[in-house]
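Dock chain H against the given chain S, drawing on the hints supplied.
One line per chain: the protein sequences are S and H, in this order. Numbering follows full-length UniProt numbering, in which position 50 of the first sequence is assigned residue number 50; successive positions increment by one, without gaps. Numbering follows full-length UniProt numbering, in which position 195 of the second sequence is assigned residue number 195; successive positions increment by one, without gaps.
Hints listed in this document are in silico derivations from the structure and should not be mistaken for laboratory results.
Listed below are several chain S residues computed to face chain H (Cβ distance under 8 Å; list not exhaustive):
| hint | residue |
| --- | --- |
| 1 | N56 |
| 2 | Q69 |
| 3 | N77 |
| 4 | R84 |
| 5 | E90 |
| 6 | I101 |
| 7 | K102 |
| 8 | A108 |
| 9 | W109 |
None of these values were measured; they are calculated from a predicted model. Note that CB positions come from ideal geometry on N, CA and C, so glycine has one too.
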Amino acid sequence: MIPLPLIDGRTLARVITYLNKHTEDDASDEAKRKFDEEFLYGMEVGVLYDAALAANYLDIGGLFHEVCQRIADGMMNKSVEWVRKTFHIESEFTSEEEVQIKKEYAWAWEGVDSNAD
Amino acid sequence: MNQEFFANLPSELIINILSRLPVRTIIGCKCVCKSWLNLLDTPEFAKSHLSISVPGLILYESPRDFEYFKVFEFEDELDLEAHELHYNPVTEISSWEFINEERLGFGIQGSANGLVCFRKIGHHPETVYVCNPITRDYIQLPTPGTIWHYPTIVTYGFGASKTSGQHKVVRIYHECIRDPDTHKLLGIPKSECWVYTLGTGSWRTISPGPKLEYNCRSVGAFLNGNLHWLVTDLEGSARISCLDLETEVFRTFSPPPALPERRRFLGDLTVLGDCLCMCDNTSDDEIVIWLMKEYGVEKSWTKEFVISKHPDYAGECYEVVYPIKIFKDGDILMAWQDFYLFYHSLKNRTTANVNLPKLHTTYRTEAMLHTPTFLSLKSFAMENVCSF
Chain S
1 MIPLPLIDGR TLARVITYLN KHTEDDASDE AKRKFDEEFL YGMEVGVLYD
51 AALAANYLDI GGLFHEVCQR IADGMMNKSV EWVRKTFHIE SEFTSEEEVQ
101 IKKEYAWAWE GVDSNAD
Chain H
1 MNQEFFANLP SELIINILSR LPVRTIIGCK CVCKSWLNLL DTPEFAKSHL
51 SISVPGLILY ESPRDFEYFK VFEFEDELDL EAHELHYNPV TEISSWEFIN
101 EERLGFGIQG SANGLVCFRK IGHHPETVYV CNPITRDYIQ LPTPGTIWHY
151 PTIVTYGFGA SKTSGQHKVV RIYHECIRDP DTHKLLGIPK SECWVYTLGT
201 GSWRTISPGP KLEYNCRSVG AFLNGNLHWL VTDLEGSARI SCLDLETEVF
251 RTFSPPPALP ERRRFLGDLT VLGDCLCMCD NTSDDEIVIW LMKEYGVEKS
301 WTKEFVISKH PDYAGECYEV VYPIKIFKDG DILMAWQDFY LFYHSLKNRT
351 TANVNLPKLH TTYRTEAMLH TPTFLSLKSF AMENVCSF
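Pulled out of the complex, with its shape left as it was, chain S reads as follows:
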């Protein structure tokens, strides 16, 4: 028995489902890609993170990269406020500090959805 303290049961079950498909002898690359598409489709951000952490801990390269890419895709063109809210991050910046950073990189702020959900 190998204890895995950092991964909860549900995530581990998902990882095992992924591994079972990817290690099938007669699964073509096309079938694996289709499986990944369906498997990861519509996964909530929280579930994706759990999967990323598990894949990183267990060193499952393919799953890790797929999940990281999907998390990144979800973040495209989202506002700072959205990122903080979705990932439950506390900003320790004072409002002056935040203004300072935004001023320094003012060119990067055009064209971002400020209220995108």
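Relative to chain S, chain H alone:
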């Protein structure tokens, strides 16, 4: 999901995720929290990001009195409604932001691993800069030795060596003796090669290789850790001069076969996809694009595309065409000398100018592939780095 979840993710996981984002989104992430701000400034992040960063475009435009650089990320998807949708603007930098002079007349000398080398054209002594348009810092190189004077030839290249990853600016300088009536090259009494390795603070000379006639209007084409120039040997034959940036040794190899007679030849080297590319614009009717399908294998030169110039681009001309990129949908982006950008659609068999939004009519336009990086020039020792 655990409330503290993202805060507990190992930094290499956060780096992996953030590396995949477009440049502007990454910069936006600097504002999310202090630990992300610090993480995004680390060499680990810059390295991870560069390893998956996809080349975009750097464009230099010069209306009458000032100039600016524009950086784009490519949207390389099929079924875009218009060719111009291939270009997502990242940032625009006016030369006024860092050099308070008019009519600078820059020429881009090369782009490698996110750093861009440019210099004031026609200016003597030469003023050369290396810049990162994303981190917005630049250095001005010290003046290289042996000042140019007519009729000597000076040409540059910029690249990074394959193994050590060191960025190097290369300056080739040679004298010419020509027949006063025919202008035929009679000899090259003196030739030099100067190299500036970023982080060393000074130029040094290396062996210049065999005596070859370079072209002032060319810049070195950077591929596989080597720089390449189209040259002519003392017998008048076209050759390719190749400098290995690791060993700093020159060698030559053959260009595509059966090129038009040298004096009338309108062609130069670039890199297209992963191949060394020679584009021949000599004909009134067609643009011929050759690719060296297997790097270093002379027999692998293949006439890959023949693009009709009719109706809008045909006729006698004096300009060289530089292919830049082939998109997945078969559009080939090219530059017509430093006049404008245009593209050929392999699907529709049409050729047209690229109409990117412009504030002013430009006098000169140069473009080159550029891979955005967060590697700051401040990470190079012994360099006087300025920010803009």
